[in-house]
Amino acid sequence: MQFTDSLIYYEILTLFAVISIAEFFTGLYKSEKWSKNEWYINFAGLFLSSTITRPISFLLTSYVLNYFFAGYFDYFSNVPLWLGVIITCLLEDFTQYWWHRAAHTYTWLWKAHRVHHTAPEMSVFLTGRNSWIYLLLFPSRIVSTVLVFLGFGQAFLIGYFFKALIGISAHSSVRWDKPLYAIKWLHPVMWVVERTISTPATHHAHHAATDADGIGVINGNYGNMFFIWDMIFGTAKITREFSEHIGLEDYHEEPWYVQLGYPLFKSKDSRSELSE
Numbered sequence: 005m006q007f008t009d010s011l012i013y014y015e016i017l018t019l020f021a022v023i024s025i026a027e028f029f030t031g032l033y034k035s036e037k038w039s040k041n042e043w044y045i046n047f048a049g050l051f052l053s054s055t056i057t058r059p060i061s062f063l064l065t066s067y068v069l070n071y072f073f074a075g076y077f078d079y080f081s082n083v084p085l086w087l088g089v090i091i092t093c094l095l096e097d098f099t100q101y102w103w104h105r106a107a108h109t110y111t112w113l114w115k116a117h118r119v120h121h122t123a124p125e126m127s128v129f130l131t132g133r134n135s136w137i138y139l140l141l142f143p144s145r146i147v148s149t150v151l152v153f154l155g156f157g158q159a160f161l162i163g164y165f166f167k168a169l170i171g172i173s174a175h176s177s178v179r180w181d182k183p184l185y186a187i188k189w190l191h192p193v194m195w196v197v198e199r200t201i202s203t204p205a206t207h208h209a210h211h212a213a214t215d216a217d218g219i220g221v222i223n224g225n226y227g228n229m230f231f232i233w234d235m236i237f238g239t240a241k242i243t244r245e246f247s248e249h250i251g252l253e254d255y256h257e258e259p260w261y262v263q264l265g266y267p268l269f270k271s272k273d274s275r276s277e278l279s280e
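Plus 4 on top of the position in the sequence shown (first one is 1) and you've got my numbering.
Certain hints may be false.
Stated by the list, open to error - Only pairs whose alpha carbons sit at most 20 Å apart, straight line, appear in this in silico SDA-like list of lysine to any residue:
1. Lys37 x Thr18
2. Lys40 x Arg58
3. Lys241 x Tyr44
4. Lys270 x Ile25
5. Lys241 x Trp180
6. Lys272 x Glu125
7. Lys270 x Val22
8. Lys182 x Phe165
9. Lys182 x Ile242
10. Lys182 x Glu125
11. Lys241 x Gly218
12. Lys182 x Leu169
13. Lys40 x Gly265
14. Lys34 x Glu125
15. Lys270 x Glu248
16. Lys37 x Val197
17. Lys270 x Lys37
18. Lys40 x Tyr261
19. Lys241 x Ala213
20. Lys34 x Val22
21. Lys182 x Pro192
22. Lys272 x Asp254
23. Lys270 x Trp103
24. Lys182 x Trp195
25. Lys241 x Phe269
26. Lys241 x His191
27. Lys272 x Glu248
28. Lys270 x Glu27
29. Lys182 x Glu248
Since the hints were derived computationally from the structure, they do not count as laboratory data.
Using the sequences and the hints given, assemble the complete structure.
Below, the structure is given as structure tokens:
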């Protein structure tokens, strides 16, 4: 179990590194849009997500489970691995869909998620770009800990690798799906793919600065791993096109610590949503 944990961890790091290098060689980070402040947000956000809030969430949830539900430890350990992977992927991602959708519905949670949408361009670095309160309250992390506690540990790790693969590639500026849409014999395959998992086309549309171009869908395409949730719950928009403008139309760049630390830190710019 420990070996599998380490292996998948390094595989995800390698995946992140490979795609970020691909972004670099396609000219993404040479853009003047990436100010020093944006880079502070990217790196601080990744650190906050992986090194601070994730362990805290895991430890607190584990404590509660061991204190109140110790008898259920490894309760489902005999479930076949293949079935466990399906169960963990569906439950964890279903929870994230609704949390993400709530972040675009309720003002207080939107302010915690807003930094994820202030990035000037799509990049793998967006995967860790959320405020401390959004990450600390992240319900899918609680669900993940519960699943591991119940005996789905190895299944969760395997499923999480595929989730990371899809999530990272969907946020990346590398549009791996675009050339596939042009291949005629792949049309039926891509029709299924883009309705099942998140692709660059569908997720880039979610990060568009506006809906006015007929491509963007700021309040939709919430799925992280599975796009099928958007299909089921009526929040899907598929165009196979890419918006020219990514980010927020009314964005007034606040310091990195304000965007990641709100409401502990507030913007001094009265035009900003984070000033209140």
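Hint by hint, here is what the structure shows:
{"no.": "1", "hint": "Lys37 x Thr18", "in the structure": "26 Å, violated"}
{"no.": "2", "hint": "Lys40 x Arg58", "in the structure": "26 Å, violated"}
{"no.": "3", "hint": "Lys241 x Tyr44", "in the structure": "32 Å, violated"}
{"no.": "4", "hint": "Lys270 x Ile25", "in the structure": "34 Å, violated"}
{"no.": "5", "hint": "Lys241 x Trp180", "in the structure": "19 Å, holds"}
{"no.": "6", "hint": "Lys272 x Glu125", "in the structure": "25 Å, violated"}
{"no.": "7", "hint": "Lys270 x Val22", "in the structure": "36 Å, violated"}
{"no.": "8", "hint": "Lys182 x Phe165", "in the structure": "23 Å, violated"}
{"no.": "9", "hint": "Lys182 x Ile242", "in the structure": "13 Å, holds"}
{"no.": "10", "hint": "Lys182 x Glu125", "in the structure": "17 Å, holds"}
{"no.": "11", "hint": "Lys241 x Gly218", "in the structure": "10 Å, holds"}
{"no.": "12", "hint": "Lys182 x Leu169", "in the structure": "17 Å, holds"}
{"no.": "13", "hint": "Lys40 x Gly265", "in the structure": "17 Å, holds"}
{"no.": "14", "hint": "Lys34 x Glu125", "in the structure": "11 Å, holds"}
{"no.": "15", "hint": "Lys270 x Glu248", "in the structure": "30 Å, violated"}
{"no.": "16", "hint": "Lys37 x Val197", "in the structure": "32 Å, violated"}
{"no.": "17", "hint": "Lys270 x Lys37", "in the structure": "23 Å, violated"}
{"no.": "18", "hint": "Lys40 x Tyr261", "in the structure": "13 Å, holds"}
{"no.": "19", "hint": "Lys241 x Ala213", "in the structure": "15 Å, holds"}
{"no.": "20", "hint": "Lys34 x Val22", "in the structure": "17 Å, holds"}
{"no.": "21", "hint": "Lys182 x Pro192", "in the structure": "15 Å, holds"}
{"no.": "22", "hint": "Lys272 x Asp254", "in the structure": "16 Å, holds"}
{"no.": "23", "hint": "Lys270 x Trp103", "in the structure": "23 Å, violated"}
{"no.": "24", "hint": "Lys182 x Trp195", "in the structure": "13 Å, holds"}
{"no.": "25", "hint": "Lys241 x Phe269", "in the structure": "35 Å, violated"}
{"no.": "26", "hint": "Lys241 x His191", "in the structure": "17 Å, holds"}
{"no.": "27", "hint": "Lys272 x Glu248", "in the structure": "30 Å, violated"}
{"no.": "28", "hint": "Lys270 x Glu27", "in the structure": "32 Å, violated"}
{"no.": "29", "hint": "Lys182 x Glu248", "in the structure": "15 Å, holds"}
Comparing the model with each numbered hint stated earlier shows that hints 1, 2, 3, 4, 6, 7, 8, 15, 16, 17, 23, 25, 27 and 28 do not hold.
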